[in-house]
Amino acid sequence: MIWFLLVVSAVVLFIGYLTAISSKDLIRLLISLELMFGSVFLALIPLFTTLPSSAFGVAVITIFTSSSELLILIIAIMLIDKEFRTISVETISSGGDRVD
Amino acid sequence: MDYLVLTLGIATVLFACGVLLTRDNLYASLYMSVTLILIATIYTVYSIQSVFVLITFIFVGAIGIITIALAATYRFIPARKISVYWLIPIAIVTAIVAYTYYLYSGQIGIVFIKEHSFASFPTEYLLMVVFLVSLMALLMLSAIKLVRGEGS
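Taken in order, these protein sequences are the chains called A and B. Heads up: take any position in the first sequence, counting from 1, add 53, and you land on my numbering. Heads up: take any position in the second sequence, counting from 1, add 17, and you land on my numbering.
Take these hints with a grain of salt, some might be off.
Derived DEER-like restraints, expressed as beta-carbon distance ranges [to be verified]:
no., chain 1, residue 1, chain 2, residue 2, range
1, B, LEU155, A, LYS135, 26 to 36 Å
2, A, ILE145, B, THR117, 48 to 58 Å
3, A, VAL113, B, LEU21, 24 to 34 Å
A few chain B residues facing chain A, derived, Cβ under 8 Å [as the list claims (entries may be wrong)]:
no., residue
4, VAL22
5, LEU31
6, ALA33
7, MET49
8, THR52
9, ILE59
10, TYR63
11, VAL70
12, ILE72
13, ALA79
14, ILE80
15, LEU87
16, ALA88
Calculated directly from the structure, the hints in this document are not laboratory data. Using N, Cα and C, we set each Cβ at its ideal position, and we do this for glycine too.
Kindly generate the complete structure, drawing on both the sequences and the hints.
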């Protein structure tokens, strides 16, 4: 059943990508990212069959890292709403810091 | 076991499709949470309970619920009122928990947490999973109830 889990993981990842592309607001973008992380968790299951302890370590790191990342994104959404009074994707016109 | 994984996988894909197809952010976040719970459930089929607990507690319990709250907040102005009907399930759950504590209080006692204490904790894993999923369902239903009440 490993192949089936990987297929499901790929399908969920693809749906996450489609949701991200079609999103018009930042909350939908956040939801699509969470869906993509879900597919990553699903893809980790085959690793448990060969290297269980390493897979568990990878899973713990992935869960905590992705959770922190999503929390930062949630804070960013709140700050954008406070600044621009909208959560539309169109608000974000550029990314990254400005290098002087 | 194969049929169980097959069913869970198909349900996961269907709920993920729900995220894509629904136009409402609140329902999209609810579908996303259910998808993640189903993915965590696949871990339990392979007896990897620790990852199930991590995904359910941290990813769905914290991040998922914040996303649901965020999606609900940007739809309507939140109200601060407690429905009387929600007090009934709360009272039932409290009664069950109180009875369980009363029943097992003599056997469990207070112990200090030591190494591998979770492995020897005298509780049933299935019961814990049922309570955890019930808690998630209760939270999601309360969010739907709140939004529907505001909409009408």
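Okay, the hints, checked on the actual structure:
no., hint, in the structure
1, B:LEU155 x A:LYS135: 26 to 36 Å, "holds (31 Å)"
2, A:ILE145 x B:THR117: 48 to 58 Å, "holds (50 Å)"
3, A:VAL113 x B:LEU21: 24 to 34 Å, "holds (25 Å)"
4, VAL22, "holds (5 Å)"
5, LEU31, "violated (10 Å)"
6, ALA33, "holds (4 Å)"
7, MET49, "holds (5 Å)"
8, THR52, "holds (6 Å)"
9, ILE59, "holds (7 Å)"
10, TYR63, "holds (6 Å)"
11, VAL70, "violated (10 Å)"
12, ILE72, "holds (6 Å)"
13, ALA79, "holds (7 Å)"
14, ILE80, "holds (5 Å)"
15, LEU87, "holds (6 Å)"
16, ALA88, "holds (5 Å)"
Checked against the numbered hints above, the structure violates hints 5 and 11; every other hint is satisfied.
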